[in-house]
Amino acid sequence: MGNHFKIITDCSAFQRTIDKKDLVTRIARWALLLEEFDYEIVHRSGQRMQHVDALSRYPVAIITSDTLTARLKRAQQEDEYTQSLRSMIGSNSDSDFFDKNEILYKYVDGRELIVVPRDMQTAIIKLAHEKGHFSAAKTEGVVKQEFFIPNLSKQVQNVIVNCVPCILTNKKSGKKDGFLNPIPKEDVPLSTYHVDFIGPLPSTNKKYQHILTIVDAFTKFTWLYPVRSTSAEDALDKLKVQQKTFGNPKRIITDRGSAFTSKAFGDYCTNENIQHFQITTGVPRGKGQVERIHRTLIPVLTKLSIADSTKWFKFVDPLQRILNSTFNRSTKWSPFELLRIVTSNRQSLAGTKKARKKLRALRMKKCDKILNKEGISY
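For the sequence shown, this note's numbering gives the first residue as 38, with consecutive numbering after it.
Quick caveat, the hints were computed from the structure, so don't treat them as lab data. Using N, Cα and C, we set each Cβ at its ideal position, and we do this for glycine too. Mixed in with the good hints there might be a few duds.
Computed spacing ranges between beta-carbons, pair by pair [unchecked claim]:
| # | residue 1 | residue 2 | range |
| --- | --- | --- | --- |
| 1 | ASP146 | SER82 | 48 to 58 Å |
| 2 | PHE42 | GLU115 | 16 to 26 Å |
| 3 | ALA107 | SER82 | 25 to 35 Å |
| 4 | ILE126 | GLY147 | 10 to 20 Å |
| 5 | PRO237 | LYS287 | 45 to 55 Å |
| 6 | ASP146 | PRO202 | 26 to 36 Å |
| 7 | LYS57 | ASN207 | 31 to 41 Å |
| 8 | GLN114 | VAL89 | 27 to 37 Å |
| 9 | ILE220 | SER362 | 24 to 34 Å |
| 10 | LYS43 | ALA107 | 42 to 52 Å |
| 11 | VAL89 | ASN188 | 48 to 58 Å |
For lysine-lysine, the following DSBU-like pairs were computed, each having C-alpha atoms within a straight-line distance of at most 30 Å [to be verified]:
| # | residue 1 | residue 2 |
| --- | --- | --- |
| 12 | LYS275 | LYS340 |
| 13 | LYS110 | LYS208 |
| 14 | LYS275 | LYS300 |
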């Protein structure tokens, strides 16, 4: 204080801000603080400020202390890789490796770099990284100033990925992930359908190239419909076939394929009072029940139609029957058994009070198991 000095900066906005009459409160506090000093602001172009920028941009070099050098020397003597390189020095006059004070070096772009033995490579990289927890590129640049380590980039990445301070403090760039909105489950059969296409498959004589898969979320009952395309029209035709026998579901869960985002599909769901849920893009587990069926469906159809791949559609109906008659690990029942029990009780309610009570308890038990097992995925 009391001495006149200059503030040389390439920030022209600094001078203009100080000269303003109306300042933001935060900036005004800074201006009041500077009023205590006798200073002069001098603007200088950024091209003439490289010496200042270097302080923040140039990586800090590792200072090889005598202790570290002694450790490297002992480690080199015990390292097979380093010894094999040292043995090549005498037989190859063009070798970039050389001994200096009993330490192995390598010439790289006119610099003498210490060859780091394998046992100390991770320690050296950590030492460089922990100087300021820089990015991979800067950490690699720091190491390359004094040391030679094969496959350095890969090893630097491994160190940074496992650096606890970096994990705790670094913020993920780009658009932030939002909260998932889980779709509540119901313990009612034929209430929720998971719908999706699979294909293209080898074209058949009827021009079938895809399969529309519909899975009842509660019973796991599966319907497989060969279709010619993945259009909204084909999807709606098969849903109307379902409607004739089972009525409409309360809701349908699909991905964001063009058939399901179309106006025709949306209008159908609105007119039929069906809730339409579309899963998050890039999160296929949102319709994991259909995906699980597809993982089974394709290999089986391939094996059954191995003689003629264009005849796969002939095996779709038998395969659907087998899927629905097979024990399901989630429910401990076959889909057909769960669907049949509920249907028979709905048809004749007289004298079935005890049976319905038992069935309701069983249904709740199975539902809890499904929620516990699959709840994490949704």
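Quiz item: Among all the numbered hints in the text so far, which are the ones the structure does not match?
Solution: Those not satisfied are hints 1, 2, 3, 5, 8, 11, 13.
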